[in-house]
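Q: Each chain, letter by letter, is given below.
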Amino acid sequence: MFHIYCPYCGEYREEEEFHPKGEAHIVRPEDPETCSDEEWGDYLFFRHNPRGIHHEMWVHAVGCRKFFNITRNTATYEILETYKMGEAPSITAESRDDRAAAEAETAEKQEGVRA
Amino acid sequence: MSNSVDDKVKTFDTRTEAKVPVESPLAYSYRRSGAPAPGEGSGVVVRERPFLGHLVLRGGAIILDEALREVLDISLPGEPQALVFDASGERSVQWISPDEWLLIVPGGEEFELENRLREALGDAHFAITNIGGGQTLLELEGEAVSELLMKSVIYDADPHHFPVGKGVTTVFAKTSVILRRSSETRWELVARRSFADYIYRWLLDAGEEYAIGIVR
Ligand SMILES: [Zn+2]
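Here the protein sequences come in this chain order: A and B.
Residues in the first sequence are numbered consecutively from 1, following my numbering.
Residues in the second sequence are numbered consecutively from 1001, following my numbering.
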């Protein structure tokens, strides 16, 4: 059991009160009539399944019953942040890559100083 | 027998003049599972408060707050998990969700209250639902209540973590309840009617070691 921060209740609650609801930020095509079958199929059926940072929709099912978003690491199961519907994540795979690169660079520089 | 305050919404009084016997959601449980009387050593005493008026208010906090103050003289609790009572302690409003509140009033008041709220809210975007027939309220008192709750709900029911004036919807055994703390000594469970028997029997079982007593 672990705790998840509900951005609407404003506190950490037991995992048992929540349900995952799949990938977040899926945008419905504005004009379905003009979509190709492939575009519509992508929207309806195809989901990303990354190893690492993933944005998911969850619902506080036994609680406030609101949907919200979670940024989660699918490899470590670590929850990095939760945020309300309509908000953008502050942590993304790109921002993590940047940070990792920056850390590597700093480490390299320190190595250089030592050498 | 519709009494509409507005052409768009038909409201009706769920309490009729008809001579239909009314039974609490626990009537069957009392007969089937019994109701041990509270004694000297009872660490938990349960008392059902059936037939109260339960209304769900949905809409924006600002408009609902204005209407509630005008009609009931209670401010809408805007903070999550907040529960407030009026001066008499008989009427309460609880935060359920960012756009949802549970209003509980003495039985029989809810229909007039609903109509007055609808009038005060006018054309605003809101919904009021009478759910009194679907819920019942159990009051729990005694020194072992929080211990009993710790065995029953997944939410942290330690009195230090759960101050007076707090209320949450959470998991109770295999079902859900609204758990609230109305005073230093009193906790309340708002249970769904269809789960009232399950919750009652769970309480009897879990409360046995505290010599649980039922006030009827
Ligand atoms: Zn919540």
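Treat the hints as calculated values from the structure; they're not laboratory data.
There's no promise every hint is true.
Unchecked claim - Partial selection, computed: residues in chain B whose CB lies under 8 angstroms from chain A: (1) Pro1080; (2) Pro1098; (3) Leu1137; (4) Ser1176.
A virtual CB, placed ideally from N, CA and C, is assigned to each residue, including glycine.
Q: For every hint, state whether the structure bears it out.
A: These are the hints, each one checked on the structure:
Because the smallest distance between the Cβ of B:Pro1080 and any Cβ of chain A comes to about 5 angstroms, under 8 angstroms, the interface hint for this residue holds. Restraint check, B:Pro1098 versus chain A: the minimum CB separation of about 5 angstroms is within 8 angstroms; hint holds. At its closest, the beta carbon of B:Leu1137 sits 19 angstroms from a beta carbon of chain A; the interface hint therefore is violated under the 8 angstroms criterion. Because the smallest distance between the Cβ of B:Ser1176 and any Cβ of chain A comes to about 5 angstroms, under 8 angstroms, the interface hint for this residue holds.
The structure is inconsistent with hint 3 alone, although it conforms to all the rest.
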